[in-house]
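S.K.: Sequence:
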Amino acid sequence: MDKLFHPEIKNVVLEQIFYALSDSTRLMIFKRLYSSEKEEKCGCFEDLGKKNNLSHHFKVLRENGIIKVRIDGRNRYVSIRKDELNLKFPNLLDLIYDGCKKQIK
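Under numbering that gives the first Met the number 0, the first residue of the sequence shown is numbered 0, with each subsequent residue one higher.
Zero decoy hints are in this set.
Here are the simulated PhoX-like pairs of lysine-lysine, each with C-alpha atoms no more than 20 Å apart in a straight line:
| # | residue 1 | residue 2 |
| --- | --- | --- |
| 1 | K67 | K37 |
| 2 | K67 | K81 |
| 3 | K9 | K67 |
| 4 | K87 | K67 |
What the hints contain is simulated information worked out from the structure, not anything from laboratory work. Remember, predicted model here, so these are calculated numbers, not experimental data.
Please take these sequences and the hints and turn them into a complete structure.
M.R.: As C-alpha cells, this is what we get:
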C-alpha cells in the first residue's frame, strides 16, 4: 500500500497555501472540495484536465498541507484539511473560498 506524505499542520506556512492555490486548476479543486464538505474520489475532477496533470495538482495541494489523500484499494479520495487549517489560520479558508466564488464561475 502506498504511503503518501502529508505535512504536519504545525509545519505548514501561509506562503505554502498561497503557492498551492496560485494555479486556477488547483483553485477549482479547492473550491469544489470546500463546497462539498466531504471526501471526493480523485476521478470526480476529470473534467478539469488529464489524469497526469491532475495527479500533479493533487500532489501540490497535498504536499502544501491543503488536502488529505486517502488510498482505498485502487481508489484515491481527497478532502480539505479544513478543521486543522482553521485552527492554525482562522477564517483563511472561508476568505479564500468566498473570493474564488466571486472570481470563478
